[in-house]
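As a plain string of letters, each chain reads:
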Amino acid sequence: MLELFNIHTYYGEIEALKGINLKVEEGEIVTLIGANGAGKTTLLKTISGLLTHTSGEIRFLDEKISGLKAHQITKYGIVQVPEGRKIFPLLTVKENLEIGAYRKKNGVKENLEKVYQLFPVLKEREKQLGATLSGGEQQMLAIGRGLMAEPKILMLDEPSMGLAPILVEKIFQIIKEINQQGTTILLVEQNAYQALNIAARGYVLETGKIVLSDTAKNLLNNEAVKKAYLGK
Amino acid sequence: MFFQQLLNGVTLGSIYALIALGYTMVYGILLMINFAHSEIFMSGAFFGYFFYQLFSRISFFQEKIFFFIFFLFLCSMFSTALLGIFIEQVAYKPLRRAPRLAPLISAIGVSIFIQNFFMLFVSNQSVAYPQIFPLKKYNFSLLEINSLQIFIIFLSISLMLVLRFFIQYTKLGKATRAVSQDRETASLMGINVNRIISLTFFIGAGLGGAAGILNGMYYGSIKYNMGFLPGIKAFTAAVLGGIGNISGAMFGGYILGICEAFTAGFIPGGAEWKDVFAFAILILVLLLKPSGLLGTQLKKV
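Protein sequence lines, in the order shown, are assigned to chains A and B.
Going by this note's numbering, the first residue of the first sequence is number 609, and it counts up by one from there.
Going by this note's numbering, the first residue of the second sequence is number 1356, and it counts up by one from there.
Bear in mind the hints are in silico, worked out from the structure with no lab data behind them.
Glycine included, every Cβ here is placed at the ideal spot set by N, Cα and C.
Please note: incorrect hints may appear among the correct ones.
Unchecked claim - Just so you have them, the derived chain B footprint on chain A, three or more residues with Cβ under 8 Å: (1) 669 to 681; (2) 686 to 692; (3) 696 to 702.
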């Protein structure tokens, strides 16, 4: 479904991605794990069009999407939920969700209902400003906002960051649920254990290169991964 | 006397508020002061003048004062709005990633260019502004109001209400707010950020253009350098209300207009000092509440 061939991306002079090859099949949860600064966010931003890669090619459903701008890429059904939630602080919860469906002409109401069903707390807070939500609620809003666009693939950047353990559990549960309803997921996480637990496959990113790729099960049992990312 | 000065202040404030909206909207989106906005305001006055000359020759508009005024404002505001977009495309967009000083210098360049354009191609003297509709005076016990004042206040408030509605309830309005809060995330929502920036210049310049015509009608003459003082006062109004905040710009415009009118009316010799008072108020507000009267210091999430 989503394929990356030999992607190089620069941050100014620094080469942040050094030839990434990656593949996500329809219906999968694929996770990308790695330390801070490994290039995980850069990779997502490159796919979503916020950053442009200098060489290589990105294909989505056999169509080349390299070089398109972020607002054009959303048209294909590729939606990124950014790191740190990035809720619009001065829009209400409902407005945040509506903006998520900016590209949609119809079906907005139905999608809104679906999101409220998934996150009833958002319905309760409908009229509150985004800034007034707690961290967990903001993460739910960020995911809900992403779902409003009816993505074919949802790319989540560190959804568990800064959340209490009980909420982390819940967020991963919800990601799994979203996947079961038919949305493909590319999940970037520092919480490698949780991520690998719900994923089918995983990639390990180190200093801009993919050093390992395998099924999630194998990665969980891989000695190097255990040592570096699972703290065992 | 009090009510009479209040009326003068509200009339003046309406014009300031319309101009201030252009400053505050552009600042809200680009964090940049569009110093060419005063020239957009001036251009609006001149466009109004041209369309007046044109429409006076069209027989359709004879005796149809409502259509005359409607199309005069519509065409002039639209032309000014296009000028606003043009300035953004030519002078600001190429510099979007440049240091913040660069677009500022570019804005000053555009200002000088537009002023000289009107000076060379129209006149370097004041141009008498046509009286578009007959001036009628209405006497009440407390104040005297004329048809032009009613028109200025009515049109300004209507335009501001339309803007409020647009920003608050329409899809594009929400997208505009989203872009002003977080440009990168807004583009992830599928919003074409460049288009929203153009839209902002379009609306801001259109309102500034309307203010230019109203200003010309109110004072009876226009000149190529007429933009400077109202421009800087409207900028003051925008800062006073909290720059980037749309309600703040309207509020600031009226506060400034009323203060000016009261200074001119109640302080002996105040007319010459009214500008000094206007800026003294600005400095006071900035000392006591740097974010402006309605400004928020809310951190982005």
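Hints and how they fare:
Chain B is given as covering the stretch 669 to 681 of chain A, and this holds because 3 residues of the stretch bring a CB closer than 8 Å to a CB of that chain, at least three being needed. For the stretch 686 to 692 of chain A, the assignment as covered by chain B holds, since 4 residues bring a beta-carbon within under 8 Å of that chain's beta-carbons and 3 suffice. Residue count for the stretch 696 to 702 of chain A with a Cβ under 8 Å from a Cβ of chain B: 4. That meets the three needed, and the coverage hint holds.
Of the numbered hints given earlier, the model fails none.
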